[in-house]
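Chemist: Just so you know, the sequences run in chain order A and B.
Add 159 to a position in the first sequence, counting from 1, and you land on the number used in our numbering.
Add 159 to a position in the second sequence, counting from 1, and you land on the number used in our numbering.
A couple of the hints might just be wrong.
[Stated by the list, open to error] Each computed BS3-like pair below joins lysine-lysine, with the alpha-carbon atoms no more than 27 Å apart:
(1) A:LYS166 - B:LYS166
(2) B:LYS427 - B:LYS440
(3) A:LYS235 - B:LYS161
(4) B:LYS464 - B:LYS482
(5) B:LYS235 - A:LYS161
(6) B:LYS200 - B:LYS427
(7) B:LYS235 - A:LYS200
(8) B:LYS200 - B:LYS161
(9) A:LYS440 - A:LYS464
(10) A:LYS427 - A:LYS200
(11) B:LYS482 - B:LYS427
(12) A:LYS427 - A:LYS440
Calculated directly from the structure, the hints in this document are not laboratory data.
Number of protein chains: 2
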Amino acid sequence: MKEFWSKRARDLVPYTPGEQPRQRNWIKLNTNENPYPPSQKALAAIRAAAGETLRLYPDPECTSLREALAATFDLKPAQVFVGNGSDEVLALCFQAFFDPERTILFPDVTYSFYPVFADLYGLSYREVPLDERFGLPLESFVGDNGGVVIANPNAPTGRAVSLCDIRTLLEGNPESVVIVDEAYVDFGAQSAVPLIDSYPNLVVVQTMSKSRALAGLRVGFALGNENLIAALNSVKNSFNSYTLDRLALAGAEGALRDGDYLRAITMKISSTRDWAADRLKRMGFEVSDSAANFLFISHPDIPAKVLLDGLRERGILVRWWDKPRISNYLRITVGTDQEMEALCQALTQMIEGA
Amino acid sequence: MKEFWSKRARDLVPYTPGEQPRQRNWIKLNTNENPYPPSQKALAAIRAAAGETLRLYPDPECTSLREALAATFDLKPAQVFVGNGSDEVLALCFQAFFDPERTILFPDVTYSFYPVFADLYGLSYREVPLDERFGLPLESFVGDNGGVVIANPNAPTGRAVSLCDIRTLLEGNPESVVIVDEAYVDFGAQSAVPLIDSYPNLVVVQTMSKSRALAGLRVGFALGNENLIAALNSVKNSFNSYTLDRLALAGAEGALRDGDYLRAITMKISSTRDWAADRLKRMGFEVSDSAANFLFISHPDIPAKVLLDGLRERGILVRWWDKPRISNYLRITVGTDQEMEALCQALTQMIEGA
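So that you can see chain A by itself, here it is in the shape it has in the complex:
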């Protein structure tokens, strides 16, 4: 029954996030969360903000956090936009930069929220096929289009493109906005942030959910030319005056003050990823080169769905999609060494039992 629903709402097929079990006894490798706790500086800032001032609205312009982000990335505050997680930031980008009349482009295998945003805002889009090894065919993203969205590293493959390739995309699309979704960039890819001053059509989106271990806080941000950031502000201020609460603002700023911790946990996760990838290859898995905090793997003999179910029986959650091209792959978040050891042992049992 969809009586009273708007036409748009009736036709939506919402995004489905990975499961968030309410019990804590799972090895949870399904939503690319960080296995390490947030920075103590973030937690201390949150506790300090949990007081009387919560009766007051937050700063709608998020001035202090934007200043801290600008300092971190060597930009001006007017080149920084913050939002309630990078999903919200991306949604606002789709509204701010894309028009229904012109087709936007993104890969056929990528973050599956992009087509959902496009449908929500009535935008037409084309899913450009990646090559057989999930590489980005640059030439197919150049030419007449209404905008380009890529994730670097890409999800769920983990594959990264070079800054040189990003430049090619930017120079090949001088009339369109190119959004580079860098949710996972801190785990080993090159950020496009240094290109911002050279390309007025570049928007870089990042998040505090992954490398900063703050998925529960909901803070994402966009970096780009001041003119593009002004468009995001205009849309945001027509939607919700105060998208970040005082605790998220305080915690995010606390996390930015702890660059050493960011480097320590991202290096640790990258090193865990690399040994786990080697081990899985030796077990017979195809493992794509990942610059992210997850691995995208496929076994020549055992279907991914069978592995998904078998892992679940053994208390391990990973992610699988019933979709063309990737239905024989699992995406596995890089956890702690112990969690990855448990994963490898569980997969070994299944392979040996098969």
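Using the hints provided, position chain B relative to the given structure of chain A.
Modeler: Chain B in isolation, oriented as in the chain A frame:
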């Protein structure tokens, strides 16, 4: 310069919230915040949530908070939707329930975010004139329309309508969704929540920003028929999987466990409002009957803009709009007794000096 902006973004006129000064030395009566601190139970719940689990995403379905709200309002959890402040909830309602082809109705004098939401989503609307005393002409809200939005009590007038009037609106619009924005209901109006089981076209929107003294936490909610709530979920899940962070979820649930405190502070604020209204009337002001935590006042001799500036010089922030019909009114948030005393003294000085 609006190069690269979408057509929609170019045409937006964003909502302007009241000023949030970064210094704390103002008497801040401009954004209808609560002068009393949040419940200690809310603050304790937030501090308890500020730990390791912030590395994990929140529950995208906000199950625990929705259960607590359902218990509070004697509804089922499937009749409850929660969002990142009632502005977000209202924006999602406009997307979920209204179509561009059918004109929606709201009063000419009301929360000025409604026309902004309509423009953002390309909806046509008609602003129905309130009567001379800012009363709601019920008959003008019945008949062919694509939806009705009213605030009860209304902003910025503070005037409330009865449940009987709400029933008339619901029964007169069986084909349209009627949104009743009850941001200020706890200060003295009748809530329409008891009508939810009888009217499949009713959506009630409330917030924790005002009566619960949690404007800094960003929690709003919608209550209605399960079918309407399902539409909101569909739109929300096509926009942002996790709109509430773990701290907001925890704090809101903590606040709900403290009904005694809610009653104590809302009664105190209502009583302060009533004496301040009497005092202002005796000073010569026209003061509309307010069921909210603010007063809407006008002086026969001194223009509102002059009073606004004079109060600002005296360290007191209130709200004024340069808009038809209301440009000679000030909206003044009800603060503590001391703050209202200071307000009355400042206004007395100005009147005597005029």
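Chemist: Run every hint past the structure and note whether it holds.
Modeler: The hints, checked one at a time:
no. : hint                : result
1   : A:LYS166 - B:LYS166 : holds (22 Å)
2   : B:LYS427 - B:LYS440 : holds (20 Å)
3   : A:LYS235 - B:LYS161 : holds (19 Å)
4   : B:LYS464 - B:LYS482 : holds (12 Å)
5   : B:LYS235 - A:LYS161 : holds (19 Å)
6   : B:LYS200 - B:LYS427 : holds (19 Å)
7   : B:LYS235 - A:LYS200 : violated (40 Å)
8   : B:LYS200 - B:LYS161 : violated (47 Å)
9   : A:LYS440 - A:LYS464 : holds (19 Å)
10  : A:LYS427 - A:LYS200 : holds (19 Å)
11  : B:LYS482 - B:LYS427 : violated (32 Å)
12  : A:LYS427 - A:LYS440 : holds (20 Å)
Of the numbered hints stated above, those contradicted by the structure are hints 7, 8 and 11, listed in ascending order.
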